[in-house]
Amino acid sequence: MKIARFIAAFLFATSLLAQEVKVPDAEQFVGRPEGQPVSGAMLDQKTNETAGMLRCPVCQGMSVADSPSEMAVNMKHQVRELIARGYTQDQILRYFERSYGQFVLLKPKFQGVNTLVWILPILALIVGIIAIFSMMGKRAGGQPVDDAPPAEGAEGSDDPYLAEVRKLTGKQS
Amino acid sequence: MTASLGRSLILLSLLVSTTGTVLGYAAGWKRSTDGLRWARRFAFLFSFLMIGATLVMEYALITHDFSVSYVEHVGSRQVPLWVTMVSLWSSLEGSILFWGCILGVYIAAATWLTRNEHVEYMAYSIGTWLFSGAFFSYLIAAPASPFGTVANPPLDGPGPNPLLQNHVLMAVHPPFLYLGYVGMTIPFGFATAALMRGRLGQAFLRPLRASLLLPWVFLTIAIMLGGWWAYEVLGWGGYWAWDPVENASLLPWLTATAALHSALVMERRGSLKGWTVTLVQSSFLLTILGTFMTRSGVFNSVHSFTQSPIGPTILVFLALVLIGSVTLLALRIDSLESDSRFDGPVSREGVFLVNNLLFVLFTFTVLIGTVFPLVVEAVKGRQMSVGRPYFDSMVVPIGTALLFILGVGPALPWGAATREQAKRALLPPLIGAAIVAALGLAFGVRNPWTIVTLAFGGYAAQVTMKEMWLPVIQRIRRGDAVAGAIVDSQLRRGRRRFGSYLVHAGAVIVIVAIGVSSTMRTQQEVRLRRGESATVNGITLTFTGTEEKSEPHRTSTLAHFDISKNGKQITSLAPRMNSYQMMRDPIGTPDVYTTVKGDIYLSILNIEGDSVGVNVILTPMVGWIWWAVLLMGAGGIIALIPNRAARVIVPQTQESPIGANEVAAQ
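Respectively, the protein sequence lines represent chains A and B. Everything in the first sequence is counted per the working numbering, starting at 29 for the first residue and increasing by one. Everything in the second sequence is counted per the working numbering, starting at 67 for the first residue and increasing by one.
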């Protein structure tokens, strides 16, 4: 009985060990490592960076870097292993996309419909800039109409209270 | 018995609010003062019924009346009293009731404060508020009813969501969020009334601005509390994940902030009225969208605990309000707008326009990033994600630009600035920029974005400080007593100005702290046996052992660590794992040691026998964010307090000294 338990524990432990370094078909999916093998503190930093670009498939919207779930932890180990072997971030992202689809990419790729999510804000910026310029242009054409409230002679100053202080202290700025 | 009392109160409030809506709009249309008087009475009655229903629910919770369906759902005799009391907003049905209660308080307060004023707009405003009230009464009455009767009440219930019990911040974050969200109803009502009237007079700006500023303060603090909660509980050492639900709270905040700034241009220059009203309408719409996002279960998120059938109902309301607002804006926006006049880009107005552009762009980007995956899934049937890397790359430039104009804007005068004026205003703060950037370099900052942020922050800090204390300095130079000048300028008559610059000062600190904390953090996972030590970035932690604690509603495992630096012990930390009866997986609670320089953050990954896996995260300046946001809130409150004294003493001669006016005012 005791021996059986020991064997079970041993098998479990080795399976854990095996799991940590198992990155199935990496070479077949994304080719040979394109970068240099990494180790030490740099490895930690790069692992966190790349894991932060991947969505944990079983969590509620957390990244692999942040999630405490078992699946995310495993994926993070895989990321670490791939980086240690010298795979680049781009390769690693492609590797996980092969397995889980575009769903795992937290930064949408610039292709297909996805381009909209990148382009629309830039279009909005352009429209906004044009709108502001057209408002500025109005002043040249239209008559200046002073419909501003008479704020105790505060024209040209930034608020009535400061204007009052300035008036009293005889300072013009 | 209690359940049916609650149900009747809600049905009555549905009746009262629908009648009040019709009455308010009719009175507005007919310009009837009698009608307005009755609309007011209905507004008060609605508030009374909503608050009453909420009190009934609280009573049921505290007395553990399990015959009420909501109490059966979230109540428990095992949990402490404070948990029982805050259970009101721990689950969907209760939180919608709580929403109704806050709406009631807001409507009553707004109706009371405007009782003698703004008669022209009030009937339409009350009608609009009660329309929103009717919608929420309907939600509480039908799809999200908390007052169901339980036929065979159990002796005890399961208790509220463990995440709520796990940290006290979860007890305060939702009320602040609701106070912010629901409060947007009041300016929405005012803006709608202005659109319906086709006019927005100068005097009506005051209630519009004040009613926008109060929920803005609550929302500001709520967003921070949410981030702080995430930081203290979720264990990954961050405070913002660009989660859809977090975005939902940010969106109306952004448009409301834009509106507060454009309202200032409106007040000073008479222009941008239509635009300001549009921003106010958007803020309200975004709160409803946020409620939909949080409560419908369409989003995967750590925060959306509840899956519920109210999604479609909220969507219908959202569509109704959207169509109504857009129609009104299309019909009436021209009648609001007076002839806009802008004196060129290098002026305060010019900067306000850029400010609005940036805030709207910010809103648009976050909105696109949040709803885009939903749209793609609906249209193309495939799942995709838009997450932190996207938002970081899009929003960081916008935030940096906002920090830049936060510095430039207040330095420039209203109206076109001459070259000489512009130089005199814009050059000196470069000193502040240089000092802060140099400080950053000295502390080891190397990331170019962070250096830029620090420089902009230093620039903005110098401008803000100068503008904040300018009136005081001028009065002291003139020979006023120092204490008198400070009190009068900053807390009495110049209160609004001082408050605004306090908000700016807080915002500068927040943006700089976000920049520094996100780029300068160190994170390492270590595994230690009892008695072993590890050193991360000069900080040594020693694992001294675990401890089990048992409370009625949970059991906890604590891991004790001694933290030392250069061989001297500075503190000890005990991150823990809490297990609740209801939850399969334990919830980790990290432990944090905060100093002015930064935080030491320990979070347990797992405990296996004698060894513990722990995530060590060192983040500089992160604690500054919470306190600087509170400073922003305080600034908002100071700017909000109505300045009655200043209004009384408008007629005055130039010669009269300020001191004399004060006496006259009292």
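Quick caveat, the hints were computed from the structure, so don't treat them as lab data. The beta-carbon is built from N, C-alpha and C at its ideal position, and this holds for glycine as well. Just to be clear, a hint being listed does not mean it is correct.
[Said to hold, decoys possible] Just a few of them, taken from the derived set where beta-carbon distance is under 8 Å, the chain A residues facing chain B:
#1 G80
#2 R83
#3 P85
#4 D94
#5 M99
#6 N102
#7 G129
#8 P136
#9 Q139
#10 V145
#11 L153
#12 I154
Results for each hint:
| no. | hint | result |
| --- | --- | --- |
| 1 | G80 | 7 Å, holds |
| 2 | R83 | 5 Å, holds |
| 3 | P85 | 10 Å, violated |
| 4 | D94 | 4 Å, holds |
| 5 | M99 | 13 Å, violated |
| 6 | N102 | 13 Å, violated |
| 7 | G129 | 7 Å, holds |
| 8 | P136 | 6 Å, holds |
| 9 | Q139 | 11 Å, violated |
| 10 | V145 | 5 Å, holds |
| 11 | L153 | 6 Å, holds |
| 12 | I154 | 10 Å, violated |
Consistency note: the structure conflicts with the earlier hints numbered 3, 5, 6, 9 and 12.
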